[in-house]
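Peer 1: Knowing the structure of chain A, use the given hints to seat chain B on it.
As given, the protein sequences belong to chains A and B, one line each in that order. Numbering that gives the first Met the number 0 puts the first sequence at residues 0 to 140. Numbering that gives the first Met the number 0 puts the second sequence at residues 0 to 76.
Treat the hints as calculated values from the structure; they're not laboratory data. Careful, some of the hints might be misleading.
Claimed, not checked - Calculated pairs, DSSO-like style, for lysine-lysine (alpha carbon to alpha carbon, straight line, at most 27 angstroms):
| # | chain 1 | residue 1 | chain 2 | residue 2 |
| --- | --- | --- | --- | --- |
| 1 | B | K14 | A | K23 |
| 2 | B | K25 | B | K15 |
| 3 | A | K23 | A | K91 |
| 4 | A | K91 | A | K52 |
| 5 | B | K14 | B | K35 |
| 6 | B | K44 | A | K90 |
| 7 | B | K64 | B | K25 |
| 8 | A | K91 | B | K44 |
| 9 | B | K72 | A | K52 |
| 10 | B | K35 | B | K15 |
| 11 | B | K44 | A | K52 |
| 12 | A | K23 | B | K72 |
| 13 | B | K15 | A | K91 |
| 14 | A | K23 | B | K25 |
| 15 | B | K15 | A | K23 |
| 16 | B | K14 | A | K134 |
| 17 | A | K23 | B | K35 |
| 18 | A | K115 | A | K42 |
| 19 | A | K42 | A | K90 |
| 20 | A | K52 | A | K23 |
| 21 | A | K42 | B | K14 |
| 22 | B | K14 | A | K90 |
| 23 | A | K42 | B | K44 |
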Amino acid sequence: MSDCCGTPKPTNEASCCCGSDAEKIVLLYACSGGANVGEISDKAARELMFEGKGTMFCLAGLGGDIQGMVQTARDADVNLVIDGCPMDCAKKAFDRHGITNYTQIKVTDLGIEKVKGVRCTDEQVGQVVTVAREKLAEQTV
Amino acid sequence: MKKLQILGTGCPKCKKLAENTEAAAKAAGIEYELEKVTDINEIMKMGVMMTPALAVDGEIKVVGKVPDADAIKPMLQ
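Only chain A is shown next, with the shape it has when bound in the complex (with noise of 0.2 angstroms):
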C-alpha cells in the first residue's frame, strides 16, 4: 500500500483512506461500452481519476457480484457513475444491489451520438469530464 494516510492516488493498488475524517470517498464508474460512448465514458473517469477527482472502479465487480467490491460502493461518500447510452448499464448495476448512493452522467445527453467502431475525440471526453467535475463540486462541498 503505497500510499497510507494520504488521499487515494491513482493506483493498481488497494489504497488507504485514512486521511482526514473529512475527506470524502469519491469512486468513479464507467460502463466502457464497446461503441464511441462507452470509450468517452472509460476515457473520462481515467482523466478525472489521474486529476485526483476521485478513484475509479471496476464496475465489473458489481457485475459480477462481487460481494466486498459491492460494499465499497455502498459505502462510499460518492459514485460517480457515467453511462454511455439511454441502456443505462452501469446505473442498473447499482440499482439491482439497491445502491443508491450515486449520480448517474449519460454521455447521449451530452449530445454525443452513439456509434459503433468509431474512436471518440479529445474533445468528447473532455465534454464529458467538465460535467464531471460540476456534478462531482456539488456532491463533495
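Peer 2: Showing chain B alone in chain A's frame:
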C-alpha cells in the same frame, strides 16, 4: 465463534477499527476470533480496494470507514 477480520496495513484507522470491533463484540457478548489481515494481496482477493475494512465470517461489512462500536454491533449478529 465469529471470525472477525480487520483488513488494513496497520494505519491508525485500521487500529481504531480493530478496537471498535472488539468493543462491539464484547458488548454483544459474542465469542470471536480477531484476525488482522495486513497482506495487501489477501485484502484485494477479498474484493477490497480501500482500507480499513471489516469482514465478519468472510463477508465484507464496512469499507473505508471506522464506525463506532454501537454501529458495528448489529453487523456482528
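Peer 1: Does each hint fit the structure? Answer for all of them.
Peer 2: Each hint tested on the structure:
Restraint check for K14 (chain B) and K23 (chain A): satisfied, since their Cα atoms lie roughly 20 angstroms apart, inside the 27 angstroms limit. A threshold of 27 angstroms between alpha carbons decides the hint, and for K25 (chain B) with K15 (chain B) the separation of about 15 angstroms falls inside it, so the pair holds. A hinted pair counts as satisfied when its Cα atoms are at most 27 angstroms apart, and K23 (chain A) with K91 (chain A) qualifies at roughly 24 angstroms. Simply put, K91 (chain A) and K52 (chain A) have alpha-carbon atoms about 23 angstroms apart, close enough for the 27 angstroms limit, and the pair holds.
A hinted pair counts as satisfied when its Cα atoms are at most 27 angstroms apart, and K14 (chain B) with K35 (chain B) qualifies at roughly 9 angstroms. Distance check on the hinted pair: K44 (chain B) and K90 (chain A) sit about 25 angstroms apart at the alpha-carbon level, within 27 angstroms; holds. The suggested pairing of K64 (chain B) with K25 (chain B) holds, with an alpha-carbon distance near 20 angstroms, which does not exceed 27 angstroms. As the CA atoms of K91 (chain A) and K44 (chain B) are separated by approximately 25 angstroms, the hinted pair is consistent with the 27 angstroms bound.
Note on K72 (chain B) and K52 (chain A): the hinted pairing is violated, with a Cα-Cα distance of about 33 angstroms set against a maximum of 27 angstroms. Using a Cα cut-off of 27 angstroms, the hinted pair K35 (chain B) and K15 (chain B) holds, with the two alpha carbons roughly 12 angstroms apart. At most 27 angstroms may separate the alpha-carbon atoms for a hinted pair to count; K44 (chain B) and K52 (chain A) meet this at roughly 26 angstroms. At roughly 24 angstroms between alpha-carbon atoms, K23 (chain A) and K72 (chain B) fall within 27 angstroms of each other, so this suggested pair holds.
With a C-alpha separation of about 35 angstroms, the suggested pairing of K15 (chain B) with K91 (chain A) is violated against the 27 angstroms cut-off. Proposed proximity of K23 (chain A) and K25 (chain B) is contradicted: the alpha carbons are some 30 angstroms apart, above 27 angstroms. Pair hint K15 (chain B) plus K23 (chain A) holds up; C-alpha atoms about 19 angstroms apart against a cutoff of 27 angstroms. Distance restraint check for K14 (chain B) and K134 (chain A): the Cα-Cα separation of roughly 34 angstroms exceeds the 27 angstroms cut-off, and the hinted pair is therefore not satisfied.
A threshold of 27 angstroms between alpha carbons decides the hint, and for K23 (chain A) with K35 (chain B) the separation of about 25 angstroms falls inside it, so the pair holds. A hinted pair counts as satisfied when its Cα atoms are at most 27 angstroms apart, and K115 (chain A) with K42 (chain A) qualifies at roughly 16 angstroms. As the CA atoms of K42 (chain A) and K90 (chain A) are separated by approximately 18 angstroms, the hinted pair is consistent with the 27 angstroms bound. Simply put, K52 (chain A) and K23 (chain A) have alpha-carbon atoms about 10 angstroms apart, close enough for the 27 angstroms limit, and the pair holds.
Of the pairs offered as hints, the one joining K42 (chain A) and K14 (chain B) is violated, with about 37 angstroms between alpha carbons and a cut-off of 27 angstroms exceeded. Restraint check: the Cα-Cα separation between K14 (chain B) and K90 (chain A) comes to about 35 angstroms, which exceeds 27 angstroms; the hinted pair is violated. At most 27 angstroms may separate the alpha-carbon atoms for a hinted pair to count; K42 (chain A) and K44 (chain B) meet this at roughly 26 angstroms.
Of the hints listed earlier, those the structure fails to meet are numbers 9, 13, 14, 16, 21, 22, in rising order.
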